[in-house]
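The lines below spell out each chain.
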Amino acid sequence: EDQVTQSPEALRLQEGESSSLNCSYTVSGLRGLFWYRQDPGKGPEFLFTLYSAGEEKEKERLKATLTKKESFLHITAPKPEDSATYLCAVEKGGKLIFGQGTELSVKP
Amino acid sequence: EPEVTQTPSHQVTQMGQEVILRCVPISNHLYFYWYRQILGQKVEFLVSFYNNEISEKSEIFDDQFSVERPDGSNFTLKIRSTKLEDSAMYFCASNGQGYGNTIYFGEGSWLTVV
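Those sequence lines, one after another, are chains S and X.
Residues 138 to 245 (the working numbering) make up the first sequence, in order.
Residues 677 to 790 (the working numbering) make up the second sequence, in order.
So that you can see chain X by itself, here it is in the shape it has in the complex (with noise of 0.2 angstroms):
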């Protein structure tokens, strides 16, 4: 069956480092996204991605972040200057034909700011 991956799993950075999250959405879907997890809380939007640029985003998504599909296969989110509050598991998600119909979502990476 098809799936999102991501990578890495867990990483743990320090405060104010560059982070990219790398995720591999299911061939032939065309939107995706980013998602994020605090511990304990709801999982919320970030951002989506359509023909190479962003559909939407949150509030959460200012400019310390920003989402690149650099080929065909990869979509990335780059954290430009990691606070103590990015810590979460950011899940990567894929939609092969938009509005109302199923998100797919992979296992997550797991980010510790330190």
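Next up, chain S with everything else stripped away, as it sits in the complex (with noise of 0.2 angstroms):
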């Protein structure tokens, strides 16, 4: 069965603490390996789409990478502004299966 499990689930960090989420997926036929950023009530908000393993991208305080089984979104030196819920998703078939997220909350 096609999964995309984050963890943790939740995330406490102090200003300017450095941490990194994970991403594992069980999906074949992988077409991309998106991360969104979503705040309460809101929509998730793009930040990187991933497409082969070893591949990196940076935003920023954010930077995610790709291996074959897994995504890794790494924060540097987050501020309180960087308090939201982060989303990975995976692409099959023209579709998006979305992990339960991760939500951050970065305190002064």
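Everything labelled a hint here was simulated from the structure, so no lab data went into it.
Heads up, a few of these hints could be off.
What the hints assert, rightly or not - Simulated restraints on C-beta separations:
1) X:Glu729 to S:Lys216: 40 to 50 angstroms
2) S:Glu154 to X:Pro746: 44 to 54 angstroms
3) S:Lys244 to X:Asp747: 42 to 52 angstroms
For each residue, glycine too, the CB sits at the ideal point set by N, CA and C.
Join the two chains, each given in its own frame, into one complex according to the hints.
What follows is the structure, given as structure tokens:
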């Protein structure tokens, strides 16, 4: 069965405390792995797309990496405004299969 | 920056009533989607739409649901007879180039069935 699992479910960090979020997947025929940010009551906001193992992408304090079975979202020196739920999704057959998300809280 | 817009942002409806959720996808995008998120749960795929027909639909998308692109800009989701379990945030999304390309989401329509 195609599955996307994210860990941890929730993460609390102090401002400046770097960490990583994990997304593991068991999906055959992967066409792309997507990271989104979701603020409460809002729609997913696109961050990154990764297509092949070894690929890395960066945006400000965020860096996404991909292996054959998982992806990591590294957050370097986070700020309170980085607080949100981070969603991982894998595309298969033109549709996205989402994980349950990691709720990140960054305290000043 | 182009964006997907959705209306209404919030709707409360009586069980059994029909609801239409509206979306304006990003212009020149060709692939359209509806997803939903029940409170506290994962975002779930409902349906994809391309070239004026449904490309794929999930088990959730039963005969009570329908989609339409009535003109060149709008994309709608209709729920014919709402149930309590249809209460969720519904997201419209669009994609310019199909498989493997970025899918952009709207801000959502929060549907409450009472």
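Status of each hint after checking the structure:
1. X:Glu729 to S:Lys216: 40 to 50 angstroms: holds, 45 angstroms
2. S:Glu154 to X:Pro746: 44 to 54 angstroms: holds, 50 angstroms
3. S:Lys244 to X:Asp747: 42 to 52 angstroms: Given range 42 to 52 angstroms: holds, Cβ gap about 48 angstroms.
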